[in-house]
Structures are given as structure tokens and as C-alpha cells.
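Number of protein chains: 2
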Amino acid sequence: MFKVAIVGAGSAVFSLRIISDFTKILEFKDVEICLMDIDESRLNSTYILANKLNEEMGAKLKFKTTTNLEEAIDGARFVINTAMAGGHDYLEKVRKIGEKWGYYRGIDSQEFNMVSDYYTISNFNQLDLFLKVARLVEEKGEKDAWLLQAANPVFEGTTLILRNVPINMVGFCHGHYGVHRLAEVIGLDISKLDWQVAGVNHGIWLNRFLYDGKDGYKVIDEWIGNNVYEPKHPFDDQLSLAAIDMYKFYGQMPIGDTVRNSSWKYNYDLETKKKWYGKFGGADSQIGWKWYQNNIKEITETINKLANFVSMNPNIKLLDYNTYKDYMNNEIFKEEIESIINPKKFSGEQHVPFIDSIVNNKKQRFVVNILNNGAIEGIDNDVAVEIPAWVDSSGIHPEQIMPKLSERVIKYYLKPRIMRMEMALEAFTKGDINVLKELLFRDPRTRSEEQVEGVLNEIMNLPENAKMREYYKR
Amino acid sequence: MFKVAIVGAGSAVFSLRIISDFTKILEFKDVEICLMDIDESRLNSTYILANKLNEEMGAKLKFKTTTNLEEAIDGARFVINTAMAGGHDYLEKVRKIGEKWGYYRGIDSQEFNMVSDYYTISNFNQLDLFLKVARLVEEKGEKDAWLLQAANPVFEGTTLILRNVPINMVGFCHGHYGVHRLAEVIGLDISKLDWQVAGVNHGIWLNRFLYDGKDGYKVIDEWIGNNVYEPKHPFDDQLSLAAIDMYKFYGQMPIGDTVRNSSWKYNYDLETKKKWYGKFGGADSQIGWKWYQNNIKEITETINKLANFVSMNPNIKLLDYNTYKDYMNNEIFKEEIESIINPKKFSGEQHVPFIDSIVNNKKQRFVVNILNNGAIEGIDNDVAVEIPAWVDSSGIHPEQIMPKLSERVIKYYLKPRIMRMEMALEAFTKGDINVLKELLFRDPRTRSEEQVEGVLNEIMNLPENAKMREYYKR
Numbered sequence: 053m054f055k056v057a058i059v060g061a062g063s064a065v066f067s068l069r070i071i072s073d074f075t076k077i078l079e080f081k082d083v084e085i086c087l088m089d090i091d092e093s094r095l096n097s098t099y100i101l102a103n104k105l106n107e108e109m110g111a112k113l114k115f116k117t118t119t120n121l122e123e124a125i126d127g128a129r130f131v132i133n134t135a136m137a138g139g140h141d142y143l144e145k146v147r148k149i150g151e152k153w154g155y156y157r158g159i160d161s162q163e164f165n166m167v168s169d170y171y172t173i174s175n176f177n178q179l180d181l182f183l184k185v186a187r188l189v190e191e192k193g194e195k196d197a198w199l200l201q202a203a204n205p206v207f208e209g210t211t212l213i214l215r216n217v218p219i220n221m222v223g224f225c226h227g228h229y230g231v232h233r234l235a236e237v238i239g240l241d242i243s244k245l246d247w248q249v250a251g252v253n254h255g256i257w258l259n260r261f262l263y264d265g266k267d268g269y270k271v272i273d274e275w276i277g278n279n280v281y282e283p284k285h286p287f288d289d290q291l292s293l294a295a296i297d298m299y300k301f302y303g304q305m306p307i308g309d310t311v312r313n314s315s316w317k318y319n320y321d322l323e324t325k326k327k328w329y330g331k332f333g334g335a336d337s338q339i340g341w342k343w344y345q346n347n348i349k350e351i352t353e354t355i356n357k358l359a360n361f362v363s364m365n366p367n368i369k370l371l372d373y374n375t376y377k378d379y380m381n382n383e384i385f386k387e388e389i390e391s392i393i394n395p396k397k398f399s400g401e402q403h404v405p406f407i408d409s410i411v412n413n414k415k416q417r418f419v420v421n422i423l424n425n426g427a428i429e430g431i432d433n434d435v436a437v438e439i440p441a442w443v444d445s446s447g448i449h450p451e452q453i454m455p456k457l458s459e460r461v462i463k464y465y466l467k468p469r470i471m472r473m474e475m476a477l478e479a480f481t482k483g484d485i486n487v488l489k490e491l492l493f494r495d496p497r498t499r500s501e502e503q504v505e506g507v508l509n510e511i512m513n514l515p516e517n518a519k520m521r522e523y524y525k526r
Numbered sequence: 053m054f055k056v057a058i059v060g061a062g063s064a065v066f067s068l069r070i071i072s073d074f075t076k077i078l079e080f081k082d083v084e085i086c087l088m089d090i091d092e093s094r095l096n097s098t099y100i101l102a103n104k105l106n107e108e109m110g111a112k113l114k115f116k117t118t119t120n121l122e123e124a125i126d127g128a129r130f131v132i133n134t135a136m137a138g139g140h141d142y143l144e145k146v147r148k149i150g151e152k153w154g155y156y157r158g159i160d161s162q163e164f165n166m167v168s169d170y171y172t173i174s175n176f177n178q179l180d181l182f183l184k185v186a187r188l189v190e191e192k193g194e195k196d197a198w199l200l201q202a203a204n205p206v207f208e209g210t211t212l213i214l215r216n217v218p219i220n221m222v223g224f225c226h227g228h229y230g231v232h233r234l235a236e237v238i239g240l241d242i243s244k245l246d247w248q249v250a251g252v253n254h255g256i257w258l259n260r261f262l263y264d265g266k267d268g269y270k271v272i273d274e275w276i277g278n279n280v281y282e283p284k285h286p287f288d289d290q291l292s293l294a295a296i297d298m299y300k301f302y303g304q305m306p307i308g309d310t311v312r313n314s315s316w317k318y319n320y321d322l323e324t325k326k327k328w329y330g331k332f333g334g335a336d337s338q339i340g341w342k343w344y345q346n347n348i349k350e351i352t353e354t355i356n357k358l359a360n361f362v363s364m365n366p367n368i369k370l371l372d373y374n375t376y377k378d379y380m381n382n383e384i385f386k387e388e389i390e391s392i393i394n395p396k397k398f399s400g401e402q403h404v405p406f407i408d409s410i411v412n413n414k415k416q417r418f419v420v421n422i423l424n425n426g427a428i429e430g431i432d433n434d435v436a437v438e439i440p441a442w443v444d445s446s447g448i449h450p451e452q453i454m455p456k457l458s459e460r461v462i463k464y465y466l467k468p469r470i471m472r473m474e475m476a477l478e479a480f481t482k483g484d485i486n487v488l489k490e491l492l493f494r495d496p497r498t499r500s501e502e503q504v505e506g507v508l509n510e511i512m513n514l515p516e517n518a519k520m521r522e523y524y525k526r
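First to last, the protein sequences are chains G and C.
Under the working numbering, the first residue of the first sequence carries the number 53, and numbering increases by one thereafter.
Under the working numbering, the first residue of the second sequence carries the number 53, and numbering increases by one thereafter.
Worth flagging that the hints you see were computed from the coordinates, not collected in a lab.
Careful: at least some of the hints might be erroneous.
For identical chains, the list gives no copy identity; a pair is met inside one copy or between any two copies.
As the list claims (entries may be wrong) - Computed cross-link-like contacts, SDA-like style, restricted to lysine to any residue with a CA-CA straight-line distance of at most 20 Å:
#1 LYS300 with GLU122
#2 LYS327 with GLU505
#3 LYS489 with SER458
#4 LYS145 with LYS349
#5 LYS300 with LYS489
#6 LYS327 with GLY506
#7 LYS463 with GLU474
#8 LYS482 with GLU194
#9 LYS195 with ASN220
#10 LYS148 with LYS349
#11 LYS489 with PRO468
#12 LYS489 with LYS519
#13 LYS489 with ARG460
#14 LYS467 with GLU478
#15 LYS467 with GLY430
#16 LYS331 with ILE276
#17 LYS300 with GLU478
#18 LYS467 with ASN433
#19 LYS104 with ASN374
#20 LYS414 with SER391
#21 LYS300 with ARG526
#22 LYS463 with LYS489
#23 LYS357 with GLU282
#24 LYS342 with THR324
#25 LYS463 with ASP484
#26 LYS116 with PHE54
#27 LYS467 with SER315
#28 LYS463 with GLY430
#29 LYS467 with GLU84
#30 LYS456 with GLU474
The structure presented is a predicted model; accordingly, all values stated were derived computationally and were not measured.
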């Protein structure tokens, strides 16, 4: 039928979500899915579980695996890129160097960009991979092939690719589900909401929030007046004091990861983070991030064990949870697998429904990252924005953003965030290390030239940054 | 003929420059000049010397003095505003409070706005005075009266007034003379230069620099390759290492006060300042600013003594320097007075030549602060920019900015500077203290909420800030 490539398919949870979504759409039951990863062992786990799932769901998806990027993309109509160059280990290594030089949470944690795996300064290999994948889509993909970007930094990546490579491309994120979380906490029925969010990835704001046709912000205000939210886990921050403080200043509610992407006011140190994000200090504190890392580690281990179990016991049924529940010692993965095997539930990842809209001309609503081209007033046309859009076989049709984003969101939040994106991309595209240095000279944690030179040198001297080092030394 | 009001005329050197310029333009010999200041003693000194100068220069200027602002502006065709609400004492008092709370050089010293008497955060009374003067010009001035703004902050002031009061208004500064200083140091004849500067006040850049029709930047580059400049005084920074470093990053030369308005990279502390600005640490170090303050003090004292001497000895000739040179123990004032009494030399202040162009339709070139209205691409129309313009009786005609400002100047320097202007003006026009707080939360010297609350409270509790306090507490 057509070929889909998943780049970074060793990320098994993400891949299984995508594959499970494919099995649940009638028209897609025999799509060819090429799983690509450089980690063969993780790739193999994904492959085993994917086949099992396919078989049990009665789908006829065809899987291939490869460690070769070109081979994966060759002839693909859709390429989903979820790969992180260097993985989480690289991020932690670089964060550690940053902290050694006086940058709490690492040099890539910046004003309005504090999400702990959203690196823009030291992430040369990731930006390089973004472009490499995009160029391969241009050269090797099917005519009018689509690149669906899932890996961070989505904002920088989408802007970089769409400015430089003439392909169909869209960036996806989960951030807008914060609207559902918000509704849930304040007790509103999602089905009665008329909402819009707009901004840039990890910097989106609730510009429209109607409940049953009436101003839903009144319900938010009332809730805020009567409640103080205690987070259930570090990422549970949609109604944290930080979110509410941002809402009060900017005049619109920050949604999803935007709450994490605030100024240093909420992030000076762990104590400050706890004050604003609750007892865990939010997702991007040493506590919250450790929790997240442990989860990832456990999930990966659980998946490997499960894949192993399945290959040793080929008659087991994934759809019969009781037969292998002993392996599910991880609560989050348990929820995950239950969702994956539920034939009536989609994963929430937008990729497969998006492909469904494009291929089968089913008009559906998404929140997409695409170049602005006038969608948000006051933002340059060639900057990737995150906005709601309707998609069908003729492509992506952005909604009119109405009402507008507040002046403060545009002028005081999005513009400085966009400037940092521009600096990161200029450094990368021109190979000028001075722009990265300038970014750090404007960092409130910087106290001297030596600090800037020192931290960048140490990061560039990591063995995995040989290409970055050479590139910036030209 | 017509009436000119000088608001803040107790600033004797500035007033004498203006008056002396009037005496040197044939058509202006009988203009009526109303000197206004709230400091009667300083006003009187100006008045005595003004009359003496007028008489000796053979002019027939008519002087009046008043401490009443409305009276000064009533019927004026041109109002020159050089008044600083609270004077230098206020600035130093506020700086001291800032330093007590951990803000080296005070809270108003901000990235790209480090000039030590250019307050935007704590300067409520000055912004308030700007508007008051502008509204009086609208109500009481002659039809089509002009307001010529000389007092800082010119950028915020010009933008504020031109956005809110429908009058003719222009802001003036000396910064562009940095081009002459640059030419002098690197050995170029000013008369052979074809130059342009553009940007915002105290943030202007040498976008055009042709010498004898050829690229003058080559001469700059050669000079830089062979010289390291040692400043003769703290303000002598046009070829400081800071200026050169900025030039290398931004791709165009910062001109005049722009060199002082850099990032914290050059300003972390005195040691850093000395490294980049030479032995005095630049104008805005504790050394440089002390030097400037001492100069102001000495000049003021010298002027008062001279005025006293003149009133006791009415037959003395100001034009005969020998008769009172003993009073001129201040080297800078000596130069100043020599320039003032030189019948062939204009002061360099643009105000009187500008009035000459408007009234007498003499087409001349100025560097003016006016709303952008498309002059600089990428900058909003309603932001005051500083650009070269030709002026005649039909008004101000901006030059086309060619070549353009560099992308880095626009994106990484002007835009963040403009954002801070917008924040200062929004706080002021809406009476929202939270915007000033947000400015400080983004300040690299801020480490806690308590620090922000503490420093603002202490400043607002100064007796002279009663109006500010009430305004922000509404």
C-alpha cells in the first residue's frame, strides 16, 4: 500500500503506540512499516512486540527492521522521526558538565526553554540528524513524501527543516492535551469545550476557552480562587502555582509544557521550584527529572523483558493481559500497554490519524507545528508556530486564531523565545560558535568569559561531539 | 518673532550652548527665550550669563525666567526639554538602593541600557514629566508647536510622547558624533566621509561608512589589526575593546553611547569593565561615573561663581576670556566656554540648527529620534528610532537606510532592547507594577522574589516617589 519509516524505533513505547494506531484503522491494515534504529537490541524488542501485536489485532502490517537510515527512508511515503542523537545519556552528560561550570540544570535550560530534554545549544548532532533525515526524505522518499517530526527540539527542528529543505513536514507534540487536563481538574466536560491554543512548541497559550458557548476562563478563575493544586507526579503541573502566576501576568493560560518553560523566577533553585511547582519541584527539577529517568529506564527494561518473554512463549496473547501481568511491575507501562491493546482506543499520538487524514481524505483537527505564514500576527512568517489546523488530502489548513494571543504573550514571551531559536539556528547553519557564546553571555548564570569558554570547550571535547568540534573550528 | 522655552534651563552649560547658537544665526537675533527651572538659584546663574552673552554677541534675544512650567510653554513655538526630574541626586540615591539589594550599578542598568543616567524602571517622575510637558505643548503651545526632547531616556520618552500626544516632537542626542571620533582616531578626514547610523537612541550602528567613495570599514579593520586604544578619559570608548568586540559580533560598528549599552559580558564587575573599556572601566563604572559626577559638580560650581563674578563686575567681557580665566579651574568648562564665545562655532547641539531648518526652510541633515514608520525594516512602526534625516520647513524627511542594519543588530540587539522599552512603557501607561517586577525577574542579578519586592518597595517608598507609589497601588 505505502511505506512508513519510524526513525528511532528502538523507542518501543512510542513505536507500539504508532503501530497499534495503524492496526486500528481499517484502511491501514497492510501498511509496510520500516523500523529503524542504531540500537539493534532495542530495535529487536520493538520488532518482536510489533509483530505480536499485529498478529493478535488481526492486522496485516508488514514490518522490516534496519539500522540503515537511507534504507529506512528509501521509498517511504511517511517518515516519523523520533530519534534522539546520543539518547538521554548524552543529555545527562552535558547537563553534568553545565552544572560543574555553574549552570544549574545545564546550559540548554534557558529562559522559556527549561524542558530537560529540549537541547538547543549543545545539541549539534540532533540538529544535524534532523537535516539529514529531511534531506533523505527529499531524495529517497516517495514523491510528496511527508516527514512527521516527533523528537525534540520540535520548535528549532521544524523551523530549521522547513526553512532549508523543500519537503512536506509537520512537527507534533502532546502539549495541547494540557487543555484536557485543565478541564479535568476544574471539572469541565471536554466534549463541551471550544478551545484553541497558539504559540510555538512548548510555548502555547489558551487563546480560546469556551464552555457550552460561554467564557470558560470564568470557571478557571473561580477554581483558582478556591483551590491550591497538589501535583500527583512531577509532570502534573497544569494548575501549579507557576501556571497560575504565568496566567495572571500574561493574561492567557499557559498550556502543557509551556508551564515548565517559564522564566527563572520559578526556577532559581530546587527550593524555588518546589514553591511554584509543588513538592516535586516540577518535571525539570533534580527530583522530577530523576523520577522521569527512572520511569524511562524501568519501561525500557520491562519492554525488553516482555519481548524476551514473548519470544520464548510464542503462544502467549498480548491482548490477554493476565498471561503476562507479572512482568508489568511498572505502573506507567501497565497503563500504556492497556491502552495499546484496547482496540477502541487510539494512543493520542497525532501521527497516524494525520496520515489517515492525508491518505484517506478524512478531515480531522490537529495541533501542528508548521511555518507561521501569517497565522499568528506579530510573528515572522518563517518561524514554526504550534496551532490548531484541519487536515485532509489537500493538506494542512490552519484555523484562524481567534481571539488573538495577548500582547504580553507575543511581545514578552514568544519574541524572546524566538530570538533564542534564531540564535541557536544561526550558530548551527553558519557554524559560528560566537552565537552560542553570546547566548551564554546573556544567561543569568554566567559570571565571566572563562565560564562560557570553559563549559563550551568541555562539551565540544566530548568524543561524541567530534563533528560539532570540527564544524565550529572551520 | 517667536518664543522658545527651555525646560530645565538651570542646566547652564546646555542652556548657554542653545542661547549661543541662537546668537549666531542672523534670523534669530531677537527670539524670545523663556528659561524655566524649579531651581531658582541655578536658573538665575543661567539668566545672568545668558544676558551677558546676548549683549556681547550683539544679539537681541529676549529672556524671561520662570519656575512655572505652564507659563514657560504658554505660546511657545519650540519647547526644548532638558529637565531631569529629581536631578542626578535621585539617580544616585536609587542606584545606591539597587546596589544594596544586589544590583551592581542599580536596577535601571540593564542589558543594552547601561548608561548611568538613563533610568527606565525607577524613573516614574521623569516619564510623568515627559508627558506633562508634551500635553502642555499640545494645549498651550503655539499652533504646530514643536517639542525638542533632550533629556534622557530619549528612546522611551520619544516613543511614549509620540504614541500618546499628537504634537510635533523630535528627540535629540549626541551619540552620532561617535562617527567623528572614530574617524579622528583612525585618521580619516571627516569631510570625505559618507556615513549613516541607524538604530534606537543609545543603540545606533554604523550601517554606512564610505571614505572617498570607498569602503571605510577596511580602514577600521586595519586600524584594529594594528592598535589597542587607551582611553584619555572614561567616556573615550569609541575604539575600546568592547566596541571592537561588539563590531566583530554584530558586523557593524556601535556608535557613541551604544558602546556603553552592551551586554553584561563587558560589565559583570569593575575588573571586567576595565578589561573591555580600559583603565577607567568606562563611563558607567564606579570610577568613570564618579569622574563624570565630579565634573558636573565642578562645572555647576564654576558657573555659579562666574555668574556671581559677572553680576558683581558688569563691565567684564565674557568674550575676553583673559578677564575671568582665573575662575575657569575646570578644564572641560574652559573648552566649553571657549566654544560658546566663538562666534564662528556652533555648539554641536542639534536643537537650534533644527529650528533654523524648520523656521527658515534651510535644508540640513540631522540625526533624529522619531517613530520608525518603515525607516528600519523589521522594527515596528510605532517605535522611536534614531536615524539621519533632512529637515526643512515641510518637516523631517528620513534618509533611506542603505545598506541595511545587520540581521544580528536587528534580531539580537534592537529587538531585546525594544522589548525592555515596551515593558517600561506598559508598566507606566497601565500602572502595572508587575511589568517592572517581570523586568527584574529577567535580570541576571536577581536571585529571588524577595530581592525584587524588596528593591522596588524601598525605591517606591522614597519621599520623592509618593506619586509613583500611589499610582502603582491603585
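| Failing hints, ascending? | 1, 8, 20, 23 and 29
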